[in-house]
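Asker: Assembling the complex is the task here: the two chains are given apart, and the hints tell you how they should meet.
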Amino acid sequence: MFLVAIKMLFGDRARFLGIVMGVTLACFVIAQQGAIFIGIMARTTALITDTGYPDIWVMDPKVQYIDDIKPLQETELYRVRGVEGVEWAGRFYKGMIRARMENGTFQNCNLIGIEDATLIGGPPRMLEGAISDLRRADAVIVDHVGAKERLSRSGPGGSRVPLEVGDTLELNDRRGIVVGISENTRTFQSQPMIYTTYTRALSFAPKERKTLSFILVGARPGENPKQLCERITQQTGLAAYTRDQFRWVTIDYYLKNTGIPINFGIAVTLGFLVGTVITGFMFYNFTLDNLRYLGTLKAMGAGDTRLMYMVLTQALVVGLIGFGIGVGLASFVGFQTRNSTLAFVMPWQLLVGAGAAVIIICMLSAVLSMIKVLFLEPAIVFKG
Amino acid sequence: MSLTATHNPMVPPASAPREIAVSCRGVTKTYGAGSSAVRALRGVDLEIRSGELLMLVGPSGCGKTSLISVIAGVLDRDGGECRVFGQDFAAMRSAERTSFRGKNIGFVFQAFNLIPTLSIAENVSVPLLINGWTMSKAVQAAREVLGHVGLGDRWQDTPTRLSGGQQQRVAIARALVHHPRLIVCDEPTSALDHATGERVMELLRESAVGAGKSLVVVTHDSRIFKFADRVASMDDGQIIRIEDKSQGH
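Protein chains in written order, with numbering that gives the first Met the number 0: chain A, 0 to 383; chain B, 0 to 248.
So that you can see chain B by itself, here it is in the shape it has in the complex (with noise of 0.2 Å):
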């Protein structure tokens, strides 16, 4: 195992910012039991700051997918402890950690999972909907944020008829719409083209960090480990080395 870093890789470097987005130590998480369980995190220690791009990387099955559904609070740990800025999602109730999620975490998916039956404007305002917000004080934000990313005219379009990247883009649109503190994407640019990947991980990097915000992006893709601060690599459950690529921002 080599480390690139001399201090302990799991932990920010001494010239990073204090503030700890998220604080991950000795996560655990296993599906199934008796002989057909699967440890998918066997012992996580992470954390990361706030105002970083981190990349979780690893090979198909080492757990990266599990530990960012930790982080995001989407599943339940079996053990360890995990603090998203410094609340622990285990000692919330089912609601709490609903509204929580709602209003510090957004999401971008590997499929867009966009509704195909909203309008982008529609799709991109439903954070801020679930946040309580109207539907025509919502759908302006959103068109606000669209003009951010490239589309304030294609507003009322529906995804169907979008290509890939600008698809993505309203994702993006809306993982930003309603300020969360933590992004976490799931294989942003897995879908696709090397051009579009790159345009879209700009504007992520753009948008999504920055002062008191963190994005944690999970991805297969070598080309846009240079939009991160840190790669951490995942394998077999367990993070085996993080590099610290923040010198070349």
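Extracted from the complex, chain A is given alone in its bound form (with noise of 0.2 Å):
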């Protein structure tokens, strides 16, 4: 009877193919909708991903989010190297500033300051040059993106010229020299990054009293990086949390704070409410319209059960390919935009969120079919 129920399905091809539009477009929506709020969410903790090798963020307790930077005293940074299992300690600065361009205009790019001795805290990949470079006189690395297209100088013509190795910067008066593009993920804010060292950023950023954002710490090994966290917070009265950690204290915050969900949700919900209407009509008219054969069968003895299994196929058959299709176009319109400004990642968990999605929305829209059948008379058959 599987087969009979496909064949009824497919044989019917202009319903089919609306049923199969209906779970396409809620698919689609959501999958597509969700990619890019976890793109954006994914942006907002870019500086915490990219920052590998660091087991431990410490910072300021009253810190909310990776932007939201309270300063710490410099003598911060010896009261966490004295906590029993940290291995290693560095300072970390995250600031704006303000990029002079050529042609007088400014420009606010994030200055990330780096521990000068070890380097740790540098960009995850480097296009040119290296991360020892910044040793040099002045040195700045730039990500490539900047580098492309805010930082970029005008060319012949009006085309625009990328920022290469050895070109000048001016940061806040003083002279930065470009001594590699690095590769970064797309931050929140799609501002430049300008990484270079802690003592340089501190002489490029404006004067404060306190300057260090962040202290970034290495675990003994064999060490537990949550249980270090807490004899960090113990000891010292700082906040200290594990990348993982610090991630969702960031997106926790824009998911509380900001109107990203809520924007997202309503895409999201209208996607799954449009295609739970468009895909229940049509199933429901479709099961209408089978309803003298679904009679007959009844009459002919196919139990409710059998009924209820042929109908339920039907609908998860239109919900696997709608599902298919819609998380393909998804992924088709992420792969076509994957070089542009468009926030877009797809995590396994979102198909799963999808797909469960679409399973709810072919239930829901096989459910008013089961209870016509259900109550179908088979004396139906009998009726002119």
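Simulated from the structure, these hints should not be mistaken for laboratory data. The model shown is predicted, which means the values in this text are computed figures rather than measured ones. Note that CB positions come from ideal geometry on N, CA and C, so glycine has one too.
For the chain A half of the interface with chain B, some residues (derived, Cβ under 8 Å), not all of them:
no. : residue
1   : V3
2   : G10
3   : D11
4   : A301
Between beta-carbon pairs, the in silico distance windows are:
no. : chain 1 : residue 1 : chain 2 : residue 2 : range
5   : A       : K371      : B       : E143      : 34 to 42 Å
6   : B       : M134      : A       : L373      : 23 to 31 Å
7   : A       : L328      : B       : D152      : 38 to 46 Å
8   : A       : F280      : B       : T29       : 31 to 39 Å
9   : A       : A355      : B       : Q139      : 38 to 46 Å
10  : B       : G131      : A       : K6        : 17 to 25 Å
11  : A       : K371      : B       : A32       : 20 to 28 Å
12  : B       : S162      : A       : Y308      : 30 to 38 Å
Answerer: The structure is reproduced here in structure tokens:
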């Protein structure tokens, strides 16, 4: 009877395509909007993700997310180093700085200062130059998107010439020489990332009484990072998070304090509702169209369970096809826009979520039809 | 009211075989309630012998369809008793009743009710699939029955490519394929021209009536009465006359 159900479904092509389109639309919107939402959330934590080496980030207890800088006194570094289980601890500066462009305009940039001696906290990948080049005088490393877009120079015919190794930048009236181009994850605000040493960063940055943004900590081998975090907090009064914890602290802030989840939630909910309505309506009509045949099957001895199974099979098949096309389309859009500013991350969890949504849509659509079939009088077959 | 038989018309003549396929006593059925209630069956007594072709005739709305629906177990009666092969549908659970229908009753409908998206072999194999056969075995058996009704070479076609007469032959094949003991036909010739109707009835008579098999045909078409062993006339929810035509066969 499985094949009978499938042939009944595929045989009515117009209706079949309509139902699949409903599921596809819902799945596409859920997957695509979900991927953009996750992409944006990933960008909020881009610096944490890109700064891969330290196990632990230590900061002022009032810090709510990565861009919420509440500088520490330099002496805090030594207190952290004194905690049992800390293998090493380094300074990390994060601030905003204005880069003066050749045409006189200014561009706000993220300025990252990393520990002078160890250079821990640097960019994740170098496209040109090396991190050790930061030891040269006035040296800075610029991320490739910033170099290509916002920090690029005007070229002949109005074209944009990317910032290259050897070019100079004017940062807060001081000269910075580009010694490397790094490949970074785009940040939430999409501002260029400029890396330099911690000491040089302080010379670029406006003067402040406290300057230490974060302390990056490496745990001793065999040390449990979470327990070490608790120990650091206990002994210093500072907040200490593992990299993963700090990512979630940041994401949690954006979820609770911005309209991003609501906006995307509305889009995803609308996609779900519209998909459910279209699919449910089309599927119910498909069942109504086939009621005479379902009644015939019932009269001929097909029980309610078997008919439910047939309806459910039809719903799941359209769901599976719609899911495949919807996710495929969303992935295609993501692939086509991979080099654009669009934030798009599609982890497997999103696919599972979209699949679950599709199953719910199909079940909701099938329930109406199943009720109709359940209460179907087989005597209908004798009515003209 | 004129009765052509001298004995009680609701009971087979004494010469008939003793085995009774269907036995209805005082069957009643009312649709709706209160002032809008319609009494479709008003105490119907009827017996259908094993191995006979009984036709139910009468004007529209007289209760023919309600009666075969009750006999076929697709409609619950309100009162009376109706036993099919000794089994009372009212005493069965829904699943048992469905299973009983699947094994013992075949259906031929006025509008054929062939599933248009299945091939005719697949349509014919549906009763076997319902009884748990695999698709390949069921289609094989269906092709044999289709050969018997003269459509062996059309087994891959869909019903929409067949004429009305051919579609009804497919429907008959579907009713026969699982060897039911009772076949219920609702106006099997009303959508067919006279010649095709005659051929369909010949086929039904030849294939569906025999030892241990019974056929009930609801019809308006007086031209096919000659195929019946008995003709039961209904009016206003009751059987008013039964004519024995078995001498002609």
